[in-house]
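Visitor: Let chain C serve as the given structure and place chain X on it in line with the hints.
Going down the list, the protein sequences come from chains C and X.
Residues 1 to 336 in our numbering are what the first sequence lists, from first letter to last.
Residues 1 to 336 in our numbering are what the second sequence lists, from first letter to last.
Because the hints were derived from the structure by calculation, they are not lab data.
Quick reminder that beta carbons are idealized off the backbone N, C-alpha and C, glycines included.
Do not rely on the hints blindly, as some may be mistaken.
Just some of the chain X residues that point at chain C, by a computed CB distance under 7 angstroms [claimed, not checked]:
| id | residue |
| --- | --- |
| 1 | L277 |
| 2 | F279 |
| 3 | P314 |
| 4 | V322 |
| 5 | V326 |
Within a straight-line C-alpha distance of at most 20 angstroms, the following computed EDC-like cross-link-like pairs (lysine to aspartate or glutamate) qualify [to be verified]:
| id | chain 1 | residue 1 | chain 2 | residue 2 |
| --- | --- | --- | --- | --- |
| 6 | X | K37 | C | E324 |
| 7 | X | K300 | C | E324 |
| 8 | X | K37 | C | E280 |
| 9 | X | K37 | C | D289 |
Number of protein chains: 2
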Amino acid sequence: MTNMYVSAKAQQLSQALSMGERRVLAKCCSLAESTRKEDQILLAEVLACVAVPTQPTRRIAVTGAPGVGKSSIIENWGASMLRDGHKVAVLAIDPSSKRTGGSILGDKTRMQSLANAPDAFVRPQPSGNHLGGTARATRLCIPLCEAAGFDTILVETVGVGQSEVEVADMVDACLLLTLPTAGDDVQAIKRGIMEVADVVAVTKSDIDRAAAQRAAAILQGAIRLLQPPSESWTSRIVLANAVNDHGLEELALAVDAFFAADRLDVVQRRREHQRLLWFESDVSTIMHDAMMRHERIHGKVIEMRQALHAGRIPVPLATLAVMEVVHDILQWKDKT
Amino acid sequence: MTNMYVSAKAQQLSQALSMGERRVLAKCCSLAESTRKEDQILLAEVLACVAVPTQPTRRIAVTGAPGVGKSSIIENWGASMLRDGHKVAVLAIDPSSKRTGGSILGDKTRMQSLANAPDAFVRPQPSGNHLGGTARATRLCIPLCEAAGFDTILVETVGVGQSEVEVADMVDACLLLTLPTAGDDVQAIKRGIMEVADVVAVTKSDIDRAAAQRAAAILQGAIRLLQPPSESWTSRIVLANAVNDHGLEELALAVDAFFAADRLDVVQRRREHQRLLWFESDVSTIMHDAMMRHERIHGKVIEMRQALHAGRIPVPLATLAVMEVVHDILQWKDKT
Numbered sequence: 001m002t003n004m005y006v007s008a009k010a011q012q013l014s015q016a017l018s019m020g021e022r023r024v025l026a027k028c029c030s031l032a033e034s035t036r037k038e039d040q041i042l043l044a045e046v047l048a049c050v051a052v053p054t055q056p057t058r059r060i061a062v063t064g065a066p067g068v069g070k071s072s073i074i075e076n077w078g079a080s081m082l083r084d085g086h087k088v089a090v091l092a093i094d095p096s097s098k099r100t101g102g103s104i105l106g107d108k109t110r111m112q113s114l115a116n117a118p119d120a121f122v123r124p125q126p127s128g129n130h131l132g133g134t135a136r137a138t139r140l141c142i143p144l145c146e147a148a149g150f151d152t153i154l155v156e157t158v159g160v161g162q163s164e165v166e167v168a169d170m171v172d173a174c175l176l177l178t179l180p181t182a183g184d185d186v187q188a189i190k191r192g193i194m195e196v197a198d199v200v201a202v203t204k205s206d207i208d209r210a211a212a213q214r215a216a217a218i219l220q221g222a223i224r225l226l227q228p229p230s231e232s233w234t235s236r237i238v239l240a241n242a243v244n245d246h247g248l249e250e251l252a253l254a255v256d257a258f259f260a261a262d263r264l265d266v267v268q269r270r271r272e273h274q275r276l277l278w279f280e281s282d283v284s285t286i287m288h289d290a291m292m293r294h295e296r297i298h299g300k301v302i303e304m305r306q307a308l309h310a311g312r313i314p315v316p317l318a319t320l321a322v323m324e325v326v327h328d329i330l331q332w333k334d335k336t
Numbered sequence: 001m002t003n004m005y006v007s008a009k010a011q012q013l014s015q016a017l018s019m020g021e022r023r024v025l026a027k028c029c030s031l032a033e034s035t036r037k038e039d040q041i042l043l044a045e046v047l048a049c050v051a052v053p054t055q056p057t058r059r060i061a062v063t064g065a066p067g068v069g070k071s072s073i074i075e076n077w078g079a080s081m082l083r084d085g086h087k088v089a090v091l092a093i094d095p096s097s098k099r100t101g102g103s104i105l106g107d108k109t110r111m112q113s114l115a116n117a118p119d120a121f122v123r124p125q126p127s128g129n130h131l132g133g134t135a136r137a138t139r140l141c142i143p144l145c146e147a148a149g150f151d152t153i154l155v156e157t158v159g160v161g162q163s164e165v166e167v168a169d170m171v172d173a174c175l176l177l178t179l180p181t182a183g184d185d186v187q188a189i190k191r192g193i194m195e196v197a198d199v200v201a202v203t204k205s206d207i208d209r210a211a212a213q214r215a216a217a218i219l220q221g222a223i224r225l226l227q228p229p230s231e232s233w234t235s236r237i238v239l240a241n242a243v244n245d246h247g248l249e250e251l252a253l254a255v256d257a258f259f260a261a262d263r264l265d266v267v268q269r270r271r272e273h274q275r276l277l278w279f280e281s282d283v284s285t286i287m288h289d290a291m292m293r294h295e296r297i298h299g300k301v302i303e304m305r306q307a308l309h310a311g312r313i314p315v316p317l318a319t320l321a322v323m324e325v326v327h328d329i330l331q332w333k334d335k336t
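Isolated chain C (complex conformation):
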């Protein structure tokens, strides 16, 4: 807590959130998706008020190419976690969707039984039209779900584009789903994911068991090539089949092992590191945004982009021209 004034409204919201009120959680998620400054202030105040969860929570990214069976796996695995007494929140990022507000109903067709369960919460994430938009909202929704009592947060992303690499920086563990046709499928998965996957599940493994085992062996090799050796965790590969729940138990055990009691320190340190990175990235963004909204700076950047595009000017000269304006506005005589 800081000495910043916290509004009564924020205190009310954070209290209701701590009681697990779903409508308040949904409202706070909407605040997270908003770009209005007063919403951002309110949400920051809410987050400043909520208590740290008393039990350790698990933040898990679930990623994989379209058609790999993410929704089915999440539904069935989620149901089994609910039976074990967990409270499960799913933040589903769908870059192909043009939803802006995000609504539980919007995703009901995909994860119906989970969305209807009282101990689960499914929230589609808006596909941000500004850079890092989705990431920003999702990053804020995670602590909100935890404040509302959810101990397991699944962040579902489609293995396309930059989103899942961003997501890796806001979760504890990455679960990668892949089809048994490893060669083709892995090619479709953008670089970056294989290196950070903590658990890899070969899905639809019952269709051709031998192919799935071959795929697992290839993936094992790729991981050995790509991941830096770690004393703390060795990535696991499991075969899973959502249709008849084959392998889901193995999948759950692999994830449980990641969050074993003796590894909680590692997870905690990783989160601290993530918080600092998040702040530095936020600071760079707001500085850049604020500067670019300044008329004179904006005009000069546009002018220089055009000159560069036309090949009329070398980059260092364009940079200097912008620097002059920036320093002028910050009122400096540069001495160096």
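Guide: Positioned in the frame of chain C, the structure of chain X alone reads:
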């Protein structure tokens, strides 16, 4: 060219540079390494004056783990390029070195014959102690070498850390050197490189030919997994041995194929794209630096970092606190 005033000194330097005067090239490289603003202005003016090379140039990163034989390969391959009439510049980034000024003598022990050749230029790059320091200087040295008549620029980096990923964004092609003991060696190579390598050379291949061929097959598989399919170029793998020049011809042919006449358009478009990225990255950096040098902003960022580290505050609140100061200094009433 812009309507910016260009000093007589810059005109003199650029003229001498175009005549291929090595001492002037070395002096300009020193300007590139300087963080003094007047040096940066002078260098930008020089770059604004020099003519675009009349012949296509080749910018090639040469990367690989320590001990893989980069220097030997560069010496022998470089010598053969000199015999073919090329003029070869080597910008050698050595992150372990604490040199600051950079000197030809400093690197003589490693690439002696090349450094002594009249048509070659070897320049160690300072290991920047500020973020992106090496990258910034090297990026500036490339067009300087081209202005001085060098048509082939080799940027040597050690396959450790972030440097070779940065370098990939300033060259046309990436050559990765790796030992025949692929499993171990590739693990040592940081992620990111395998995905962008255009030519991979298995070095010291004469020691155990069978092992080298096995390594090449494994690398082929890794590349197939990692690189997005391209219509324009398929990465090539060659076996090379600097000691007796075995395979160097094959290596040269692979690189020549990359720069074949019908691919010059691709290379040119890539360079245009790199120039725009360079500018945007420069703009972000100067905005961030200028802001962080402002006393009030700097103080607030430090204060918030400490609060975050102590876990006293959520990230969004820390961000908002910095935003308030930034907007206040840019004198805004925020309406959104």
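Visitor: Does the structure break any of the earlier hints, and which numbers would those be?
Guide: 1, 7, 8, 9
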